[in-house]
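Going by the numbering used here, the sequence shown opens with residue 1, and the numbers climb by one from there.
Read the hints as simulated data drawn from the structure, not as lab findings. Wrong hints could be hidden among the right ones.
[Stated by the list, open to error] Capping the alpha-carbon separation at 30 Å, the derived lysine-lysine pairs in DSSO-like fashion look like this:
| # | residue 1 | residue 2 |
| --- | --- | --- |
| 1 | K32 | K85 |
| 2 | K224 | K187 |
| 3 | K96 | K147 |
| 4 | K111 | K32 |
| 5 | K54 | K43 |
| 6 | K111 | K96 |
| 7 | K240 | K32 |
| 8 | K93 | K63 |
| 9 | K147 | K2 |
| 10 | K216 | K63 |
| 11 | K202 | K225 |
| 12 | K202 | K147 |
| 13 | K147 | K85 |
| 14 | K187 | K216 |
| 15 | K240 | K43 |
| 16 | K225 | K147 |
| 17 | K240 | K54 |
| 18 | K111 | K93 |
| 19 | K147 | K54 |
| 20 | K32 | K97 |
| 21 | K96 | K2 |
| 22 | K101 | K85 |
| 23 | K101 | K54 |
| 24 | K97 | K111 |
| 25 | K202 | K32 |
| 26 | K2 | K43 |
| 27 | K63 | K202 |
| 28 | K63 | K101 |
| 29 | K32 | K101 |
| 30 | K97 | K63 |
| 31 | K240 | K147 |
| 32 | K93 | K43 |
| 33 | K85 | K240 |
| 34 | K43 | K111 |
| 35 | K63 | K32 |
| 36 | K43 | K85 |
| 37 | K240 | K2 |
| 38 | K187 | K93 |
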Amino acid sequence: MKVHILGAGWAVPRGNRSKTAILIQDNQEDNKILFDCGGDVAKGVSRFDVGYDKIDAVFISHKHLDHLSGLSSLLHSTWLMGREKEIPIYSNKPTKKTISKLISLHDLNEKLDINLNSLSGDGIVNEWGVEYKKMDHQVETHGFRYKDITFSGDTKPCDNLIDLAQNSSLLLQEATYPSGFREEAWKYGHCTVRDAKDVFEKTQSNNLGIIHTSPKVDIDEEGKKVDEDVFFPSDFTTYKL
Numbered sequence: 001m002k003v004h005i006l007g008a009g010w011a012v013p014r015g016n017r018s019k020t021a022i023l024i025q026d027n028q029e030d031n032k033i034l035f036d037c038g039g040d041v042a043k044g045v046s047r048f049d050v051g052y053d054k055i056d057a058v059f060i061s062h063k064h065l066d067h068l069s070g071l072s073s074l075l076h077s078t079w080l081m082g083r084e085k086e087i088p089i090y091s092n093k094p095t096k097k098t099i100s101k102l103i104s105l106h107d108l109n110e111k112l113d114i115n116l117n118s119l120s121g122d123g124i125v126n127e128w129g130v131e132y133k134k135m136d137h138q139v140e141t142h143g144f145r146y147k148d149i150t151f152s153g154d155t156k157p158c159d160n161l162i163d164l165a166q167n168s169s170l171l172l173q174e175a176t177y178p179s180g181f182r183e184e185a186w187k188y189g190h191c192t193v194r195d196a197k198d199v200f201e202k203t204q205s206n207n208l209g210i211i212h213t214s215p216k217v218d219i220d221e222e223g224k225k226v227d228e229d230v231f232f233p234s235d236f237t238t239y240k241l
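With the sequences and hints as input, model every part of the structure.
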């Protein structure tokens, strides 16, 4: 199992961290599943030599632009490369509405076989073995789990996040704010770095990748305060599980 970090950052890219996008490549099941699609995802996919026609499913956590801004470009590249098989996209209803508008705006539904699917509440998409739970953010948001890999989406700490991430081999957890900014972070439905570490400890996960960090987070300084099983991924890195 490989976890490709296509985008490890926040809404405003910085250095080697752009908008959020995670690609899981499970060779055992022959599944390649994309979670969120911020930034230049098409470039990231080509960099890992996955192939535009090889992405089996896309899951979008919520409708904020930094989590789906790269979707239209990815779909356009996919069409140009001659993809013919269906592309299933999963999201909650408000996000699905936004995605539908983007697809129509660029006439992508006339070029590709796109299947938009609605998620509500908590559940499992059995076809792909992806579990999803509703998170606590400004807008309706879902976190996702594939096997023992959990992706939080945007959220402040909540019971559903703890339940979803229990005993993960890898928890990819957002931390938009530095450890001392909890009040501001929670106001906007986000976590601090300290919150991310608390979730990691409560879920008894094996490894924590802290993502979606804003420029307020001094990664070098915060990195001095963590153990070796906690890290801050950068774009275009791969983790093998």
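**Prompt:** Quick check: which numbered hints come out false for this structure?
**Reply:** Violated hints: none at all, because every hint is consistent with the structure.
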